[in-house]
Structure formats: structure tokens, C-alpha cells
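Student: Here's the letter readout for the chains.
Number of protein chains: 2
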Amino acid sequence: MKIKPPYLMFLGDARDQLAAKTANGVAFWRPDWCLGQVRLKGCKADIGLPDIGLEDAVQNGVKTLVIGVANQGGYISDEWSQTLHKAVDLGLDIASGLHVSLRTVPGLEEAAGAKGCQLFDVRHPVETFDVGRGHKRSGKRLLTVGTDTSVGKMFTTLAIEKEMSARGVDCSFRATGQTGIFIAGDGVSVDAVVADFISGATESLSPANDPRHWDLIEGQGSIHHAAYAGVTLGLIHGAQPDVLVLCHDPGRPHMRGTPNILIHSLNETIEACEKAARLTNKNVKTIGVAINTSRMSDTERLRELEAATAETGLLAVDPLREGVASIVDQIIS
Amino acid sequence: MKIKPPYLMFLGDARDQLAAKTANGVAFWRPDWCLGQVRLKGCKADIGLPDIGLEDAVQNGVKTLVIGVANQGGYISDEWSQTLHKAVDLGLDIASGLHVSLRTVPGLEEAAGAKGCQLFDVRHPVETFDVGRGHKRSGKRLLTVGTDTSVGKMFTTLAIEKEMSARGVDCSFRATGQTGIFIAGDGVSVDAVVADFISGATESLSPANDPRHWDLIEGQGSIHHAAYAGVTLGLIHGAQPDVLVLCHDPGRPHMRGTPNILIHSLNETIEACEKAARLTNKNVKTIGVAINTSRMSDTERLRELEAATAETGLLAVDPLREGVASIVDQIIS
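These protein sequence lines are chains G and S, in that order. Heads up, the first sequence is in the working numbering, so the first residue is 761 and it goes up one at a time. Heads up, the second sequence is in the working numbering, so the first residue is 761 and it goes up one at a time.
If you are wondering where the hints come from, they were derived from the structure by calculation, not from laboratory data. Possibly wrong hints are sitting among the right ones.
Think about it this way: if two alpha-carbon atoms lie no more than 27 Å apart in a straight line, the pair counts; the simulated DSSO-like pairs of lysine-lysine are [as the list claims (entries may be wrong)]:
{"hint": "1", "chain 1": "S", "residue 1": "900", "chain 2": "S", "residue 2": "1042"}
{"hint": "2", "chain 1": "G", "residue 1": "823", "chain 2": "G", "residue 2": "875"}
{"hint": "3", "chain 1": "S", "residue 1": "823", "chain 2": "G", "residue 2": "1035"}
{"hint": "4", "chain 1": "G", "residue 1": "801", "chain 2": "G", "residue 2": "900"}
{"hint": "5", "chain 1": "S", "residue 1": "875", "chain 2": "G", "residue 2": "1035"}
{"hint": "6", "chain 1": "S", "residue 1": "1035", "chain 2": "G", "residue 2": "1042"}
{"hint": "7", "chain 1": "G", "residue 1": "1035", "chain 2": "S", "residue 2": "1035"}
{"hint": "8", "chain 1": "S", "residue 1": "1045", "chain 2": "G", "residue 2": "1045"}
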């Protein structure tokens, strides 16, 4: 799988800006790849790209229509279908992060086959994986982990990739979720693989590499999340990280989606993740804490970062404010 | 899903007795359900049931042909196909534990539809599940856990079900793997569900129940297995067990399939499983250790059980030798 840029971002009839969160993330991290946006009637989202038609997009070199939006009702409407068919007729590949497969759109798979276009359903992995082996692979690996889901693991990993790349460090962002896959052009939705293959899929995503090369692996879920911890644990085992970066959002009263389960402390989370990681890499260590302080005043912000350092003895930054240079200093020192 | 007994056990052209391990397990635990076996030319397995033809089976009231055997080469051969088609023609349901779906046998799904027969692919769950919620459900739950895969978790759970049922305790065996599902007639192959739904599928398998009712949930994998720990952790969270029983096979030099990872001690395994289980049930406790001593002399056996008790402070039995009465005494005391 290799999704080919440049991209045209399909926003459909997104009901609000949040519904286009994925498209937003792709446009933020890969501005050079995103040439325009397509919005249908009633679309309430705008990711700040020029509105261009499919024909213009093709003439400007676009290779892939990316569906980076949540669809209303969970099915693909007739209006959407028409746009997708038109894209394929014009020779575009389509990459989708929808829960429902592009293959359910009547005639689309056949049309794509006839035109030699590819359909990428990133939430429906088609690869077959081996089960995890747990053997040590060459190369270095960083994994982001979190006190909860949606606490900035992808953002932090990409910020580290950007900083390392700017310093000339040989590194690769390894995507494990839909937005990350559009940003990387490839990857594996680990929460969508068959449960037996979580760690095996992660091993294949991050194969043996040059001893100085860094794989920067996007984390998922939380080891203490009652719904997703299995994904997180398999991902930790398969990633065999040398370095963990803990991500945290201080605003959460409880784990997302499970109101009766409180957020564990930073140290409890670090301890659980390191313990799990030692199964496949005895030398794992946590190097820093990335905190989302976007809803805080400057005073609160600094207090939060200081408290995190006091608790953990680690560097604490907001990747969006301080950046991750100090974390990268620690990693490649 | 409800697989209807009585069963006819299909052994195909099994290359040896081990290839019919699943069929053997079903015949051992549900002898009243298994009326006969079907063996093709070259079959090297025999599970001790009468060899009967499909027509005789139907006349004797058989409802389901159960494929409890590993297929050579991983695909369904023409010879197998003929038998499966004949079964459907005679009105039998088919239940399969094969990795390859019955739906890949040309014409079989259509033939089954026309005859009103059901095809159960227990390794290919078709249900959709919610993600785990982690809320407390009424009723009592026991889960078996292990120091490795294939260390007797299903056997131990079924032995406890048998003992509890004999004492009139209201209980249900909850199957999470293919053999268990044939034995229960229903269940969920948790290692075959999409990774996001491991704990959610387990929650649906063991719904709220009468406060005195015991769900006896078959464990899978090991929390320290580099390939399968994600499944184990999601299963623990979804099961929210009140009681754990640890299963162990002392003969293992290392974890099955990962030669570089040693077996963790009984106490390390108990500690890790209890810690995980406390996320959804603060009152979890481990009640005993079930050890497979089948390859040991009587002296070795007793020494092994004593050592397990000395290490853990818990009852230790071989369910096949001592039975599990003493464990059940602890649970329902």
C-alpha cells in the first residue's frame, strides 16, 4: 500500500469542522501534498484549502481523492457516490478512512478496476500478517503512549519526526491510525486488524532497519483503557520501543467513553507501559511527557508542566507551544 | 448463533491424531452430543466414535456436521467440498473451525441458503460488537488465565463448569475459542474479532445476569505472550472477573512460538493479571492454580503442586488428576 500524493481532500457534507478532523490533520502536516478541497452542498467544514473541481485537480497533478471526514449516518450517500465515481472516471485513486468500505459503493470497485485506479480503505486492512515473534530487530524505535485515547500521540510523534528530520536524523513516521496513514502515505490501522495479529502487524510496520535509523511509531489507545488496552498492549509488544514518550491531556475527568474509570497518574501509566515494553525490549525508557495545555492560561500551563516534571522526573512540554526539541535532544544525545 | 446438537464429527483426511484435537475435545466434553465420525480416505485420526455415513447420521437425528480438524495446506480440497455439499443437500448445518471460511467453497453458501441450512464459521465472527464500556455487570464471573498459550485454560474452565453443575450451582461456560464454541454451542472467538472490539465482544459474551449466577469464561493466550497479550488483556478487561484461576504447564522452556521469551513465574503472572483485572473489578482475586502434570511421575507431580502452593499461597491441582472440587469449594464457600 502506498497512497500517492498530491491529494484532493474530500469534505463531503461534513456537519461541522470537527467532522473534518482527519482532513484537517493531513492538511496541517502535509500542506505540500494537499492541493485543494471538495465540498458538497451543505458542507459546514473548511480546512482552508482552495475549493477546486475534480477536473481542475486532475489537471494540477492530483493523484488521490482522500476522504478525511466522518460520514453522516455511517453510510455512503448517493451524492457522495456520484463524486467518488466521477473521481475514478477521471483516473484518481481514492483513499478512505470511513468505517464503511468503499467496496460497498455500487459499481465503484469494478469502475476502479477498469480504470486501473486503486481504492484504499485504511480502516479495512487487506494485508495478511504473521503473528508476533518478539525477536529483537535492528534499528531504534520510539513509541508514543498515553494516559487516554486522543491525547496527542499522533501530533507528538509527527512533531518529533519533523524535528529529527530537520536535524538530518534518519527516521520514519510509522502510522497506526487513519489520519496518520494519510499523512505517511502508508501504515496499518492496528485497531482494525484481527486481534491475533496486533503485535504481528506492528512488527511488519516497523521492520529491521539500519542500526542508526529511528522508527517513530504512532501510539493508540491507553494501557488503562477498558475498551482499547488490548490494542495498546499488542502495539507496545510489537513496537519493542527503545524510547517511550507519554502523552497526556490534563482536562479529562475520566477515561474517554468509560465514565466510571478515572485517568491513571502519569507515573502509574509510565510504570505499566515500561513493564509491558520490557517483554520485548529490556532497555526501554521513558524520555519525556507531552501535555496538551491548549485550554489553559499561561500560569496554569507552566504549573501543569512543572507538576508533571516533579511527578515523573522527566522533561515535560506542550509540543504545540515549546516544541519537542528538548525531547529530541534527550533521544539523540 | 446457536450450533445445534447432535453433532457428526468430520475428521477429513487428518494427517495424525493431533490434527483432530478440536474434534477430540468436543467428543470428550460432550459425548452425548457426538453421534459419530466421518473419515475420508487417508485419515489418520480416530476419536473413538462410530464411523457413520451422512445419510445414517441424518436418520439418527444429527443436526450439524462439525469440522473439528486442521485442513492440510490450509485450503478446502475437492474431496472435502463434496462431503460438505452432500451434508447440506441432506439438510445438515455445518460448523467449522477452519481458518478458511466455508463461504470460499464454491456454491456452498447458495446451496445452504436454498436448503435453509446454516454455516457457522466460528473463526470468522459475523456479529458486530460495541466497544467495551467497563461498567460493572451483575452476576459473578470466573476467568482462567495462563502462564502461556495452550496450558489447559479451556479444560480447567470446563472441569469447573462440570463440578459446579453437579452441585446445582447456576453457571454457564462462556467459550472464547473454536473448540470451546463447539462444546458450548455458541460463543465468540475473541482472537478473531477486530482488535478494537476485544473487550466489547467479551462484555457481550458475558452479559448482566442473576447475582448468584456464575459465568465461567474460557481464557486465551497469556498477558506475557509477545503475540497474543493484547487479546488476553482485552479479555480480562471485558470479563471483569471476580475470580481468576491460573493455568500452567511446567514443561515449557519458553513461551510457545517465541523462543527468546521465557515463561514468567506464577506470582509474576498472577500479579500482572490481577493488576489488569482491577481496572474493571477492584475485588478480583486469584483462587487457585491448575497445573498440567501429565508428563510427570507421581513424585515429580506432588513436588510440582507443593512448589506452586509454596510460591503462591494458593491451592494447586491437576484438574485431570485431583479434579477441581477443592477450587470450587473456595469459590462458592
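Student: Is the straight-line distance between the alpha-carbon of residue 1035 of chain G and that of residue 1035 of chain S 27 Å or less?
Tutor: holds (12 Å)
Student: Check the hint pairing residue 1045 of chain S with residue 1045 of chain G against an upper bound of 27 Å on the C-alpha distance.
Tutor: violated (31 Å)
Student: Between the alpha carbons of residue 823 of chain S and residue 1035 of chain G, is the straight-line distance 27 Å or under?
Tutor: violated (49 Å)
Student: Checking one constraint from the list: CA of residue 1035 of chain S to CA of residue 1042 of chain G, max 27 Å. Satisfied?
Tutor: Judged against 27 Å, a Cα distance of about 21 Å means the pair holds.
Student: Can the restraint linking residue 875 of chain S and residue 1035 of chain G be considered satisfied, given a maximum Cα separation of 27 Å?
Tutor: Given pair residue 875 of chain S, residue 1035 of chain G is violated - Cα atoms ~54 Å apart, limit 27 Å.
Student: CA of residue 900 of chain S to CA of residue 1042 of chain S, is that 27 Å or under?
Tutor: holds (13 Å)
Student: Measure nothing beyond the straight line between the CA atoms of residue 823 of chain G and residue 875 of chain G; if it is 27 Å or shorter, mark the hint as holding.
Tutor: Given that 27 Å is the threshold and the Cα spacing comes to 13 Å, the pair holds.
Student: Holds or violated: residue 801 of chain G with residue 900 of chain G, Cα cutoff 27 Å?
Tutor: violated (48 Å)
Violation of the numbered hints given earlier is confined to hints 3, 4, 5, 8; the remaining hints are satisfied by the structure.
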